[in-house]
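J.: Here's the letter readout for the chains.
Number of protein chains: 2
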Amino acid sequence: MRYPKKPLFILPVLLFLFSLKTMAQKDYKLWLQYDKKTEVELLSKYLSDVQGIVSLENSATSKIASNELEVGLSEMFGKTISLKSKVEGDKNIIIGSKEVLSSDIQKEIGNFDQINDEGFIIKSISIKNKNQIVITGKKEVGVLYGVYHFLRLVQMNKSIKNLNIVDSPKTNIRILNHWDNLDRTVERGYAGFSLWNWQKLPDFIDQRYIDYARANASIGINGTVLTNVNANALILTPQYLEKVEALANVFRPYGIKVYLTARFSAPIEIGGLKTADPKDAAVANWWKNKAKEIYKRIPDFGGFLVKANSEGQPGPQNYGRDHVDGANMLADAVAPFGGVIMWRAFVYSEHDANDRAKQAYAEFVPYDGKFKDNVIVQVKNGAIDFQPREPFHPMFGAMPKTPLMIEFQITQEYLGFSTHLVFLPKLFQEVLESDTYQKGKGSTVAKVIDGSITKTKLTGIAGVSNIGNDLNWTGHPFAQANWYGFGRLAWNPELDSEVIADEWLRCTFSNNENFIKPVKAMMMESREAVVNYMTPLGLHHIMDTGHHYGPGPWVSNLSRPEWNPVYYHKADKNGLGFDRSKTGTNATAQYAPEVAKIFDTLETCPEKDLLWFHHVSWDYKLKNGQTLWNGLALKYQEGVNQVAAMQKVWNTTEKYVDEDRFKEVQMLLEIQYKEAKWWRDACLLYFQQYSGKELPVGVEKPTQSLDYFQSLKFPFAPGN
Amino acid sequence: MRYPKKPLFILPVLLFLFSLKTMAQKDYKLWLQYDKKTEVELLSKYLSDVQGIVSLENSATSKIASNELEVGLSEMFGKTISLKSKVEGDKNIIIGSKEVLSSDIQKEIGNFDQINDEGFIIKSISIKNKNQIVITGKKEVGVLYGVYHFLRLVQMNKSIKNLNIVDSPKTNIRILNHWDNLDRTVERGYAGFSLWNWQKLPDFIDQRYIDYARANASIGINGTVLTNVNANALILTPQYLEKVEALANVFRPYGIKVYLTARFSAPIEIGGLKTADPKDAAVANWWKNKAKEIYKRIPDFGGFLVKANSEGQPGPQNYGRDHVDGANMLADAVAPFGGVIMWRAFVYSEHDANDRAKQAYAEFVPYDGKFKDNVIVQVKNGAIDFQPREPFHPMFGAMPKTPLMIEFQITQEYLGFSTHLVFLPKLFQEVLESDTYQKGKGSTVAKVIDGSITKTKLTGIAGVSNIGNDLNWTGHPFAQANWYGFGRLAWNPELDSEVIADEWLRCTFSNNENFIKPVKAMMMESREAVVNYMTPLGLHHIMDTGHHYGPGPWVSNLSRPEWNPVYYHKADKNGLGFDRSKTGTNATAQYAPEVAKIFDTLETCPEKDLLWFHHVSWDYKLKNGQTLWNGLALKYQEGVNQVAAMQKVWNTTEKYVDEDRFKEVQMLLEIQYKEAKWWRDACLLYFQQYSGKELPVGVEKPTQSLDYFQSLKFPFAPGN
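From first to last, the protein sequence lines are chains A and B. Throughout the first sequence, residue numbering follows my numbering, covering 39 to 758 in sequence. Throughout the second sequence, residue numbering follows my numbering, covering 39 to 758 in sequence.
Since the hints were made in silico from the structure, they are not lab data. Possibly wrong hints are sitting among the right ones.
Which copy is meant is left open, because identical chains are indistinguishable; a pair holds if it fits in one copy or across any two.
Only pairs whose alpha carbons sit at most 25 Å apart, straight line, appear in this in silico DSS-like list of lysine-lysine [what the hints assert, rightly or not]:
1) K611 x K326
2) K136 x K477
3) K64 x K701
4) K145 x K177
5) K495 x K168
6) K477 x K408
7) K145 x K199
8) K701 x K67
9) K312 x K751
10) K117 x K64
11) K64 x K74
12) K74 x K117
13) K686 x K751
14) K334 x K751
Isolated chain A, as found in the complex:
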């Protein structure tokens, strides 16, 4: 219950004192709120369409599906929709995979070749003059996905009459990468600590494990890497594998496979060997036995994710071998059991004087076609590191004979942690839509990773998880949308991000158009806002050191040159930006000629990527007629203004949103606004030293001195 609202005549902080409901809860439920329908007419329509639920199967997966339908519909309809033991009467929702459907139902459904093994069909049929809705698939997991799809229709107030929905995921591996350490800290985690309570596993099954699986299944995620890519070999010991097995048992009926990160030096650290050389027979044998041991516990174990010879992690190069040697050795170990190796291409060396943006391509492209069939190379969306904006990674256009999966970062390492509202599917979509021209126009990144260009069988999308043990899972209520949106794009990389925002808002908050319209617009603009107040016009990697919290364009004292922001922005008296064109590092040459040409030329290079590819004079005239300096300053100001506008929008939503989430988002937007100004002021004061120019009209005066901003320290910033 709610207490009556009182006039607010006390200190602002006291606002929070009056939330005397006995629970903080709505935000725990994510997009599965199943709010009771309050629209009378709509409700009566639904009730006239659905009388009962019939589940034709009896396995764990189908019980989850039927229970979810029962709970979801009953809550939304405010009336128990019961599970029946057999089909009687009409208006039943009949769920079951192809093999358990009666032949007359099968005939009505039609061709199952329209879907793949994880796909589903939802169809309104008439049998013996009785109308029924059938949710089916080739396998039970498809049925489960279909059930969640059907529930989403009802969550969104859509009609469930005359349904004929046929859908399949476009990628095989739709996976979260948890950068979770065994001590439960989470690298780049901003939503508390790891969900995995290793201390209490395997015997204590936290309800959150189940709720996590359920949330993932509802958006089609079918894999999870439990451990950090900066790996600890102990996860591969029996003491921990027993715990991993317990999690795998929980996740299995939700269609989710467990994967682990493999520390390349594990044969030494836990195997007692003297080497981890992939060409050493004892090493290969150790991994084969380890795989056997794991698959004995977890028959559907997914495989390994490996970060090797990257940022200090051990790898095959420690032994004079290469990535192919390392990946293929591991691939052989898991191949007998159907496992895969996800080998990360995020490599760059302090001993390589070349532009960091060029190094992964240079190292990996020559390996094209040399990896075993069960290896997939995992490539970050851009060539640097999860920046607010990066041009797509050139590797996506350059390895036609190698399965490539894209790695997005859902956690906001460089995008304001869990305090900034940034709708990331907009960023993901921008990358996925980018045209590599690998096989001519239309060879988008989406079409590369779903295999339709390269015809590789193995396909996938990975997202670095933003999930922690915060009550609301993701720290920011709107960060839930990034988890949701990642899952939806993994299912269909060509989905429009605006559609995703619409779905998420309706399932999470409200179907009221007066809420949806402005808040959806706010979400869609939020990504450009963060680019504007952090790194406009192609700037990148100017965050503060280590924790990456806040601006640090001045940092120049780190041991590795490519870890310093000054390496990336190259501000000087002449101008700003990293010349990666033909006249510079020629990184542009790593793209297809059609793309390279556009990026190479100052006039055709999109201004959003300008300083990524060019060192540009402070007086350079932008398309809007402003000089670079003025245009840059105005972009920073625009970012701040956009956040102010987001606050205004949110303040209008109080009547559509529960009090807790309304206030949470309000407080977070206030922090975001403060920090947007911090970014603007710190960066402009710093760059002003080089431009030597005044701030243009329309840009607010900085609130503090550059010295002040440079003095700020954040010793316990999370995720570091």
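Chain B: place on chain A using the hints.
T.: Positioned in the frame of chain A, the structure of chain B alone reads:
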């Protein structure tokens, strides 16, 4: 809603899959469930007794009180009990402090001198022939405590007719000590990580801060030390004080003061001074200014808790000064603002060859009467360190001129982390009831710390918090009872632990006698069970190294002798136990002669403390006729049997408890049972090397070899 139960014909782990309610929630609500009354007659009685609520005040605290009443009663009665703007009609609950009561109500209430500043009076009165219930106190916080007391009556199905309850807390400082680090790890924390999200403070007020304050206020806790006693000076910088201030603002209207730990070397680390010598004028001045700075932000700041010259922490002895010098210097800094210094007596030195149990007494007792008025010395309940059982600390009988506060550990560092069900108020009560004989018979520890023996004005009880960011706050649902019980005993150190168990069970789970009776008995026995399977007959500190998880009686290789379990149990061919009698270290002499005599003599020493005070032959005959060896073995077995019995009890409660908590406790008891056997087997196999005797009839054969138990490693055990 709940889905219908299904027959269970699948793997045990799948049991958990069917919890398809959309929320894990009951256990978040702690003892403030406010479940709707289902007993028709009872409900109609309540409804005939209460018509409305009238709050005579308008401050933040009174709004909390009136809202809590409104929400609590409305939920329990299933009917809105409204807040009225003035007294009209009868059967109102009228709340307000003395000064706002009308004179006719004041007359009915009677003498306010019966209560202290935090006390309350709840009285059924009749004014102008109208029956009303008044909840009042000298101050608003007393009213708030009265409201929670009244709600508890209703939670427990007690009559609210003819009330005349007069109650005041018996101690001034009722405080939680959070051993929370700034990186959100919690030393000895087993319930996740710190509640304090320093990253998002001060601008983001997590709902949990409010829920935490509310839970504490409901049991009378009035202080919280936010930071670890192993302190970090950064908490005293403006960057963090701003965040502390935000928390203080949240807690203030709940009657909770904020305290911090003071790192003694802070003047060097954050003050730029060359020394932290308490006799140095610049140092004293630095602390004075720091206090001024803090009190400017937080006018009701409680003061500092200090761990100095203990386990490597800096302190006055680093400069040739003593504890009095250190404590008094800090006391002078906070005195102008009414602050207190809680100075810990937990000291022992690796350079002191004396029995560790004697060192704190030896060091502190000579200081009796030398501390400033606003210093209170914080003494652990026993002379070693929060063991499953320790005799009371001799300091409680030995410092008549010094305010002493007792420090209990609510978090279960040595008692099974958050996996073992151990009802700690039983342990607390045993200590509080112990007779120090300081001023003759009846000089219990309770009467020392509530000031009735020593007549000190400053009194207090501290509990090392077991609270973390787990959904259920404390990791184990029953560990909530330890937080609850600590608060109740801090309010009244003479409260019976069985009364506490009864209250907690009714408020948390159910009033059904078929549930209460067996589960209460289980709780009351749980503490003796853990003593039996871990450290029976006075054994102590034989836990494994560092993390203290599981048995480690064999550990003998640590750098400091008194960190090794072998130091404590002294097992050899002749027998077992630490001779602290006259013939040994003579630690018994630190007690009053009446107590010392009992402990000193083998025949009068309580067997529960036998091996604490005596080295006893393996063939020594216990009171039950068993030899020490056989008796020891049978005690270990008894502990295991007790856990098995607890499991049996819990399995009968399914119909009284929600599914989530029923299963959680069931899983945890299964772990506890496993670990009880582990303790029994490891300890008996180890001690058997010295006794050279067979296990007696009735003791199960060990499941593994001693080598196996000694090989176990727990590299990421929490809280370490």
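J.: Each of the hints needs a verdict: does it hold here or not?
T.: How the hints compare with the structure:
| no. | hint | in the structure |
| --- | --- | --- |
| 1 | K611 x K326 | neither (58 Å within a copy, 49 Å between copies) |
| 2 | K136 x K477 | neither (37 Å within a copy, 84 Å between copies) |
| 3 | K64 x K701 | both (13 Å within a copy, 23 Å between copies) |
| 4 | K145 x K177 | within (17 Å within a copy, 77 Å between copies) |
| 5 | K495 x K168 | neither (41 Å within a copy, 83 Å between copies) |
| 6 | K477 x K408 | within (20 Å within a copy, 87 Å between copies) |
| 7 | K145 x K199 | within (20 Å within a copy, 71 Å between copies) |
| 8 | K701 x K67 | both (17 Å within a copy, 21 Å between copies) |
| 9 | K312 x K751 | between (42 Å within a copy, 23 Å between copies) |
| 10 | K117 x K64 | both (21 Å within a copy, 23 Å between copies) |
| 11 | K64 x K74 | both (13 Å within a copy, 21 Å between copies) |
| 12 | K74 x K117 | both (10 Å within a copy, 21 Å between copies) |
| 13 | K686 x K751 | neither (31 Å within a copy, 55 Å between copies) |
| 14 | K334 x K751 | between (49 Å within a copy, 24 Å between copies) |
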